[in-house]
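Student: With chain A held as given, fit chain B onto it using these hints.
Residues per chain are reported as follows:
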Amino acid sequence: MDTSGYRFSKTHEWVSGPSGKVRVGITEHAQSQLGDVIFVELPQPGAEVSAGGKFGVIESVKAASDLYAPASGKVTAVNEKLAQNPELVNNDPYGDGWMIELELSEPASAELLEEAAYLEYASSL
Amino acid sequence: MSPDPQRTPLYDRHVEAGAQMVEFGGWSMPLQYTSMREEHLAVRNDCGVFDVSHMGEVHLTGPGALEALERAVTNRVADLAPGQARYTLICDEAGGIIDDALVYRPAEDIFTVVVNAGPRPKDVAHLREVIGGACDMVDITDQVALVAVQGPRALELLQPMASIELAPIGYYHFAEGELNGLKATFSRTGYTGEDGFELFVDSENAVAVWDAVVSAGARPCGLGARDTLRLEAGMRLSGQDIDETTNPLEAGLGWAVKLDKGDFVGREVLLRVKADGPARAFIGLLPEGRAIARHGNAITDAGAPAGEVTSGTYGFTVGRAVATGYVDAGHRQSESYQVVVRDQPVNAQRVPLPFYRRPRD
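Those protein sequence lines, which keep their order, are chains A and B.
Residue 1223 is where the first sequence starts when you use the working numbering, and the numbers rise one by one after that.
Residue 104 is where the second sequence starts when you use the working numbering, and the numbers rise one by one after that.
Only chain A is shown next, with the shape it has when bound in the complex:
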């Protein structure tokens, strides 16, 4: 998956671009920490999310974690495949493991990290 345009939050979510119609998911680091994903609780299309706000819950064998929106906007689509195949989040977190599609209401914050900076951050934890 070409992640070159992606932006990353320090809470380990990614957004596929800084503006317009984008996808959101969790990072490779996050899926590795979580272990096998069992359930992903996601909002309905039409819901509004705001940057830094909780948009769902991800439950793995180990624990449940809140999901935080990296940017603000309206949910236009939800990855229906995750209900039957939550392991997509583990196996392809940047591609088929995407969670929601957003129409951003404003450009993503400049504080989000580019990939190299995020990888450095994640490896320092």
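No lab work stands behind these hints, which were simulated from the structure alone.
Watch out, some of these pointers could steer you wrong.
Claimed, not checked - Far from chain A by the CB rule (all over 12 Å, computed), these chain B residues:
no., residue
1, Ala-184
2, Leu-260
3, Val-317
To be verified - Partial chain A-side listing against chain B, Cβ under 8 Å, derived:
no., residue
4, Gly-1257
5, Asp-1258
6, Ile-1260
7, Phe-1261
8, Ala-1286
9, Asp-1288
10, Glu-1309
11, Asn-1312
12, Leu-1347
The structure presented is a predicted model; accordingly, all values stated were derived computationally and were not measured.
All C-beta atoms in this analysis are idealised placements derived from N, C-alpha and C, irrespective of residue type, glycine included.
Tutor: Frame of chain A, contents of chain B only:
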């Protein structure tokens, strides 16, 4: 400051294989290699292999061994035939569970007690105190490695490498032989609910045995899958489901307690518990929907506090969350309860254990 975790002879193999390592019971062990789901399903459908060398082995020998051991454990051991093993509890004077264990009897005056890694120091102290000088007692944990080969294909996978016929070894029985020329005790036991063999080998041969089993097609599996497998199979985890604050009768393990066999540590208290009825009951629960109940979650009965979850996870074979825990005697008759998961009560049906039983031919 706690000491560095101990390493089994197979540590390097786990790290080389890319396993995520965790500390468990004072040992550095593989949590998972690829995915708990894949490892769990490999054991249910094919063949998996676990390094369980962190478990403890205590060797008792001499004419006084039988009588001494009978006083130290709750189950009867006098009628164990050579080549037979039996599950038992090790209790303290208050009837609390120090550990659960398997007692092996290779010969009339020889016993090996296999205990869990974390409680091993307490087990050894208890055994020393009860046994005293009645027989020779040696903790042989460091000389022994234990490799558990589990799954419907375990026997088929091991037989070509084994010097003895494995099929005639019955469940909870064991036999000495060789695996690829290396001395091994083949024990038809396990902690997964599947068929399989636990191989006791000398520590210096552990790597060779592991490599042989993996090359033959067994999938390395970690403690994560071990936990989801054993919970589906309704097995207790020492230190989590059973400990010094629980007695065997309330834990549903009365079948491993022989109150009529003569005196043993904890017997007096357990006789009273039996007469009065246990104060709690260990139950199985199936939470509804998408909630996974976990250790420490409250159990309520029509909203009233009733108990607590001791183990909970997602059962990859049953395809839903599974949980076990204790409810107070006054609430033991209900058919359904609620488990409080992240402050939300979730309905949970009470079911008899195990959650999963392997298909029998």
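Student: Each hint should be assessed against the structure and marked as holding or not.
Tutor: To see whether the hints hold, each was checked on the structure:
no., hint, verdict
1, Ala-184, "40 Å, holds"
2, Leu-260, "25 Å, holds"
3, Val-317, "22 Å, holds"
4, Gly-1257, "6 Å, holds"
5, Asp-1258, "5 Å, holds"
6, Ile-1260, "5 Å, holds"
7, Phe-1261, "4 Å, holds"
8, Ala-1286, "6 Å, holds"
9, Asp-1288, "10 Å, violated"
10, Glu-1309, "6 Å, holds"
11, Asn-1312, "6 Å, holds"
12, Leu-1347, "15 Å, violated"
Violated hints, in rising order: 9, 12; the structure is consistent with all others.
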